[in-house]
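> As they're listed, the protein sequences go chains D and G.
Letter by letter, the first sequence follows residues 332 to 949 in my numbering.
Letter by letter, the second sequence follows residues 29 to 238 in my numbering.
Note that these hints are calculated values from the structure, not bench results.
Treat the hints loosely; a few may be bogus.
Taking CB as the label site, the calculated pair distances span [unchecked claim]:
| id | chain 1 | residue 1 | chain 2 | residue 2 | range |
| --- | --- | --- | --- | --- | --- |
| 1 | D | Asp893 | G | Asp113 | 18 to 24 angstroms |
| 2 | G | Val156 | D | Ala822 | 51 to 57 angstroms |
| 3 | D | Pro385 | G | Val156 | 52 to 58 angstroms |
Glycine included, each C-beta is placed from N, C-alpha and C at the ideal position.
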Amino acid sequence: MRTIRATEMSRYGLLALAIFAVACAPSAPKGAQKSGGGATSDVAIAAQKTYVAPGDLDEYYLFSSGGHSGQVYVYGVPSMRHLSTIPVFTPYPGTGYGFDDESKKMLGDLTWGDAHHPALSETNGDYDGRWLFINEMNGRVARIDLRDFKTKQILGPIPNVSGNHASAFVTPNTEYSVMASRFSIPIPKGTVAGVDKYASDYKGVITGVKIDPKSGEMSFGWQIVMPPFDYDLGDAGKKASDGYVFFTSYNTEKATGKLEVTASQKDRDYIAMVDWRLAEKSAAEGKGKMIGGVKVLDPKEIPGLVYFLPCGKSPHGVDVAPEGKWIVGSGKLQGVTTVFNIEKIQTAIKNKNFTGDEDGIPVLKYEDIKDAEVPVGLGPLHTQFGPDNWAYTSLFVDSAIAKWKLGTWEVVDKVPMSYSIGHLSAAEGDTVSPDGKYLVGLNKLSHGRHLSVGPSQPESSQLVDISEEKMKLIYDAFTEPEPHYAQMIKADKLHPIEVYSKEENKHPLAIWDVKDAGVTRNGNKVLVKMVAVRSTLTPTDFEVKAGDEVTIAITNIEQTTDELHGFGLLDYNINIVVDPGETKTVTFKAKKSGVFPFYCTNFCSALHQEMQGYFIVR
Amino acid sequence: MRDFLKRANAFLDAPLDLGPRVMVLAAALALIPTFTSPLYTMTMFAPQYPDGLRLFIYSYKLVGGNNGQDIPEINVLNHYIGMRDLVSEEFGEFKWMPFVIGAFGLLFARTVVMGKMTHLVDSLVLYVYFGAFSLWSFGYKMWVYGHNLDPKAAVKVAPFMPPMYGYKQLANFEVYSYPALGSYALGAAAFCLVLAFFLAARRARQAPAV
Chain D
332 MRTIRATEMS
342 RYGLLALAIF
352 AVACAPSAPK
362 GAQKSGGGAT
372 SDVAIAAQKT
382 YVAPGDLDEY
392 YLFSSGGHSG
402 QVYVYGVPSM
412 RHLSTIPVFT
422 PYPGTGYGFD
432 DESKKMLGDL
442 TWGDAHHPAL
452 SETNGDYDGR
462 WLFINEMNGR
472 VARIDLRDFK
482 TKQILGPIPN
492 VSGNHASAFV
502 TPNTEYSVMA
512 SRFSIPIPKG
522 TVAGVDKYAS
532 DYKGVITGVK
542 IDPKSGEMSF
552 GWQIVMPPFD
562 YDLGDAGKKA
572 SDGYVFFTSY
582 NTEKATGKLE
592 VTASQKDRDY
602 IAMVDWRLAE
612 KSAAEGKGKM
622 IGGVKVLDPK
632 EIPGLVYFLP
642 CGKSPHGVDV
652 APEGKWIVGS
662 GKLQGVTTVF
672 NIEKIQTAIK
682 NKNFTGDEDG
692 IPVLKYEDIK
702 DAEVPVGLGP
712 LHTQFGPDNW
722 AYTSLFVDSA
732 IAKWKLGTWE
742 VVDKVPMSYS
752 IGHLSAAEGD
762 TVSPDGKYLV
772 GLNKLSHGRH
782 LSVGPSQPES
792 SQLVDISEEK
802 MKLIYDAFTE
812 PEPHYAQMIK
822 ADKLHPIEVY
832 SKEENKHPLA
842 IWDVKDAGVT
852 RNGNKVLVKM
862 VAVRSTLTPT
872 DFEVKAGDEV
882 TIAITNIEQT
892 TDELHGFGLL
902 DYNINIVVDP
912 GETKTVTFKA
922 KKSGVFPFYC
932 TNFCSALHQE
942 MQGYFIVR
Chain G
29 MRDFLKRANA
39 FLDAPLDLGP
49 RVMVLAAALA
59 LIPTFTSPLY
69 TMTMFAPQYP
79 DGLRLFIYSY
89 KLVGGNNGQD
99 IPEINVLNHY
109 IGMRDLVSEE
119 FGEFKWMPFV
129 IGAFGLLFAR
139 TVVMGKMTHL
149 VDSLVLYVYF
159 GAFSLWSFGY
169 KMWVYGHNLD
179 PKAAVKVAPF
189 MPPMYGYKQL
199 ANFEVYSYPA
209 LGSYALGAAA
219 FCLVLAFFLA
229 ARRARQAPAV
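Start from the sequences, fold in the hints, and give me the full structure.
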């Protein structure tokens, strides 16, 4: 009897325990996607797909923006190995960028820039591997030459543009790179008006930066004054939509203050559609009025220059599909992304089917111009493309990527991202001929996915295999802050040099023989011509007087791959790095007297330590 | 003895038949590639130089691989052990060698035209001497480069002889040294001359003594 009761009791106990277990919250969400455990074959496949054996090369280059670090980071895909850093808007002692005269002059007074959207140069809408353009928020655009992976030009700050976020997108033959204001201000810069005058006195500005087709040299093209909305992102039309550039905008409420509320009142904001060929023509005809030193076009006076396409609430990305017919606009506070049809837009314009205007810019009717609202998921931001009409949209709120089809508008697959994906970059995924194969999600949060490194957490870039029907997450990489957008180009499209040939060096202070090295004085200006070659910096010592202006011109006369030499001057905050065959100068005042060692900072050879000397200031 | 000298004179005066003359002409033509192709190539591999450093030695110039960049690179490396720079000016051979090869071309042509055994013997003997001297000269040059090391050099190495033919490990470098097309052409010319001589000699012996 007692034993029976004991059994019953333990039975009840088990039941209670079971109820308790059921009521307990699970320790991980549904679909928690840490690898390991059951999915061994998937893990093995992923490992095989991303493993690039030592000595082997990657298939694609990924140029990732460095956000407020101001740089561009180069990764190899599929290994996701960080290959190099291209300094653009911020000094980088690693390559001496921002320390020598030329790069210091290029940076100007700004030693910081918020680099957002890299844009590879294009020919007929396809990457041609010549240049990479990248914008930054202070109204500048930079050009990196992919022949040597070096920043060659920084244009700007361009007058009137404020908060240059919707940039550096290029037109299909790299005629223009574009800029636009995210933070409207009274123009020209320096004009003061209180925020109570926002709707009337503040202006948004769109700019076309002209690009020389041969040299890539950028110059001011044209500028358009716009209503004070926040112009956010852009993309140039191609093929069917060639000739237009599209910009999303939020805060069409023209509100101020707490924008997260005040700018989220309307159900629809606008995509601005700009006819850039008409802008180019109007500027050439001398139209517009001078503001801040440049001619600015007014859409009120030039019919057809700009149209507004209503788009779902506070749109972020606008992306033109490969054939150019469809334009995908993503309202970030919605659950759908809208696909517009350029033919419908053109018909509506022809029939003047406008619902009204904004500061003289005609507004088209949403219902007239859209082909579909695709239920991709919550918080759609950006869309990239694959072959066969596949589209991939990043979902910030859902923290996932949705795969869907242009034409049938079917959403067929989703892959979770860790966590909160912003942009995404598919292999040549914004060109007229996307490759498919790989997609990188550029995520804002990464907590728990890596060894903890303290409160300043790295960003994450996750590699997704899109070669099959189902998308598969195959690699987690942790990238330098902060990847906004990236461009992925087939490696065989680039043919970088590895040394600057002697013949190519046209620097007036270049010398190629150790015998020519030496010091010359002209008044209080001292010129030091220096040769760097394994393993001596010649002259090995030199003297100046306190107060002299010293220019050191260093030529690295090596012609061998990877034989870089540095010149670090202690206590003078100077470190420059000279590539093989290159000449760089550094000019400074010899303020402090004393004996200052200089040495080669970039390890070069077995006798690298001996590559040193003394700078003596009397 | 007199008889021997008489026979020798007769042998040397013997006219050359068509076969030997064609062979001598071939020897003259075989010299042409020495003006367009290197005589020797040296190739050096090290872990840091997986693509190798290459040196092409012509009869009149020194050419480096990788668009000429390998010579400055070899010199940069050699300066650590105190070896003299490889510069074309230091090779006296580059001045006389193309001239001498040209002269041999003319001498062979003369043999073809004048057509006596004595001309052929002149060509052959002088050519063999030239070949032997050139080889010695090349070897001696290598010996001097490997032994005349600056005593103040950063890295002290024992004097060494670079390989004349084949492979040798020198410090971290695998060094390969092989004759190139130009040398094979010189060899082919020698072969033609020897063949011409044997053809002519057989003919001369068969011919009745005068």
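> Which of the listed hints are broken here?
none
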